[in-house]
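S.K.: Protein sequences, first through last, are from chains A and B.
Just so we're aligned, residue 268 is where the first sequence starts under our numbering, counting upward by one.
Just so we're aligned, residue 2 is where the second sequence starts under our numbering, counting upward by one.
Worth flagging that the hints you see were computed from the coordinates, not collected in a lab.
Heads up, the beta-carbon is just placed ideally off N, CA and C, and yes, glycines get one too.
Worth double-checking, as some hints may not be accurate.
To be verified - Just a few of them, taken from the derived set where beta-carbon distance is under 8 Å, the chain A residues facing chain B:
| # | residue |
| --- | --- |
| 1 | L335 |
| 2 | A339 |
| 3 | D340 |
| 4 | R344 |
| 5 | Y345 |
| 6 | P351 |
| 7 | Q355 |
| 8 | R359 |
| 9 | D364 |
| 10 | L368 |
| 11 | G369 |
| 12 | N462 |
| 13 | L465 |
| 14 | H498 |
Claimed, not checked - For each label pair, taking beta carbons as the anchor points, the in silico distance ranges come out as:
| # | chain 1 | residue 1 | chain 2 | residue 2 | range |
| --- | --- | --- | --- | --- | --- |
| 15 | B | G36 | A | P436 | 54 to 62 Å |
| 16 | B | V103 | A | S324 | 30 to 38 Å |
| 17 | B | A303 | A | S324 | 57 to 65 Å |
Listed here are the chains, written in short residue letters.
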Amino acid sequence: MPLLELNNLSVNYGAVQAVRDISLTVEAGEIVTLIGANGAGKTTTLRAISRMMKPRSGTLSFDGHDLLAVSADVVVRYGVAHSPEGRQVLARQSVADNLELGAFIRRDSAQIQADIRRMYERFPRLGERRGQLAGTLSGGEQQMLAIARALMSRPKLLLLDEPSLGLAPIIVLEIFGIIKELNAQGVTILLVEQNARLAMQSSHRTYVMEAGQITFSGPSAELANDERVLHAYLGG
Amino acid sequence: MDLSSFLQNVLNGLAIGSVYALFALGYTLIFSILGIINFAHGAVFTLGAYFTYTLISGQFENNGLLKGVNLFPNGSPLAGSAWGFALSALVGSVLAGLVAVVIERLAFRPMRSRGADPLLALVSSLGVALVIVNLIQILVGAESYSFPDGIYGDLPGALLFKLGKKTIIIRTVQVIIFGVSMVLLLILGLVIGRTRTGKALRAVAENPGTASLLGISVDRFIVITFFLAGLLGGLAGTLVGSSFGIAGPYFGVTYGLKGLAVIVLGGLGSIPGAVLGGLVIGLAEAFVPADYSAYNQAVAFALLFVILLVRPQGLLGKLQIQKV
Ligand SMILES: Nc1ncnc2c1ncn2[C@@H]1O[C@H](COP(=O)(O)OP(=O)(O)O)[C@@H](O)[C@H]1O
Ligand SMILES: [Mg+2]
């Protein structure tokens, strides 16, 4: 049984159907990418999974739980962490407090503090700025904080929405390095990316979205050589 | 003005100002979370005073459904000792907090879950305020109620200090009001600033969507906020009522308006601002000469007007271009 399973899921903004009848699975241990042009419905899909939004129809299950039956704060407790588009760090709280709140669902304070120290080792710039308000961090630092904060809940599945958006190429590479490393440590990842080439190189499987629907899917290595995908999304 | 009357005014101002702060903080908490003013807060203040009165006296006058009722024919067990007063104030305030939670359910949550304009919740809270005021009137009539004598037990009624030839009077009530308010404000500041719950509360205030992604139940924290706000409002009502009496069901209306002046003066959504605003208005009123005390109510708003001309964001408020 897949860890995450979407069946014929549709999501609307009022009368506008942003996601139409999509089916998608993520197996435990995978990195799966979701690519597609601006406005294709990628963010909406992630928002439906973490239950920031209520899907109109279809089914949505994670690790044996029906996610349609619960609200966003419960989805986290089941083990899904969402690092949303535009980072959404808590600008008026410190880096340390953002991380602490990332572990809101946990009660093991000694372990939480140990995890925060590990985050500072993994993201040294966050460690240097631990007392600073998150709103004063640079874009790259905020992205790292958003990822670190999501990890603080010790998720089974991490949803990442455009972690490379607006970042310098060297930081983008750093972030993809971290994604692979996390996956090697056992975190399953569903990644939404504009940088399709890099995303496909870094993932096991890829779904391609177009105007709210999934148009192609398959192992990333195969799709990356598929003429149609190549033409439409990889600029060649 | 000589030194002793100056000091006397400062003491009076701090005492009443600290109640304003306590009361106004209820507005601030709810405003920080929902971005709207809870117009039923003044009614909760009133209810707090009546609840505590009921516990400590239980004797009702000649109007309303409860006319002539005396809950404690042999005197309330809570009357006559400082601990009894503390306990009835606590229970009265907790009950007020619970009423605030019910108000959230009835007037705010239905609007929120339908995505209605926040202005509508404001109007529905105003409706709830009227309902509460009328219910009080139906139950116990429109007359004023005084707390029984000696509710502070063995504590002396006032402390007198000689300063030269003059005497400064510190009423026990004032010390209680100031002490209780300041301790509560301090505790609240620590809870909101330092604890996990406080951090989560601030997360909900800053961005409810993000807060829910972290596993924070936004609805639950809204309930907690309303409870705290109602508790503070009810306690403020209790303190004022026990000191000056309950002036009838509309008792809280003046305080409700003054509380608005306090939070705008201090800076909307700012907790230190509510405290500072409360103290400033309390002090300003205390310095109104006795001959002009009829204009007491105008002082808060005149002060507000002048300060907003200079600092439109209030004393400690940040200029908000837009809500994030
Ligand atoms: N808050 C919103 N209200 C109305 N329509 C929206 C909103 N957010 C996104 N949309 C629409 O939904 C569609 C999918 O958007 P989105 O999921 O953000 O796409 P992507 O993440 O792939 O760029 C787009 O047509 C977009 O205009
Ligand atoms: Mg998007």
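S.K.: Now tell me if each hint is right for this structure.
M.R.: Hints versus structure:
1. L335: Because about 16 Å separates L335 (chain A) from the closest Cβ in chain B, which is outside the 8 Å limit, the hint is violated.
2. A339: holds (4 Å)
3. D340: Hint holds; D340 (chain A) Cβ to chain B Cβ min 5 Å, cut 8 Å.
4. R344: holds (6 Å)
5. Y345: violated (10 Å)
6. P351: Given a least distance of 7 Å, the restraint on P351 (chain A) holds.
7. Q355: holds (5 Å)
8. R359: holds (5 Å)
9. D364: holds (5 Å)
10. L368: Because about 5 Å separates L368 (chain A) from the closest Cβ in chain B, which is inside the 8 Å limit, the hint holds.
11. G369: holds (6 Å)
12. N462: Nearest chain B Cβ about 23 Å off; hint violated.
13. L465: At 25 Å from the nearest chain B Cβ, L465 (chain A) fails the 8 Å test, so the hint is violated.
14. H498: With Cβ-Cβ at 36 Å, over 8 Å, it is violated.
15. B:G36 with A:P436: 54 to 62 Å: violated (40 Å)
16. B:V103 with A:S324: 30 to 38 Å: holds (36 Å)
17. B:A303 with A:S324: 57 to 65 Å: holds (59 Å)
The structure does not agree with the numbered hints 1, 5, 12, 13, 14 and 15 stated previously, though it agrees with the rest.
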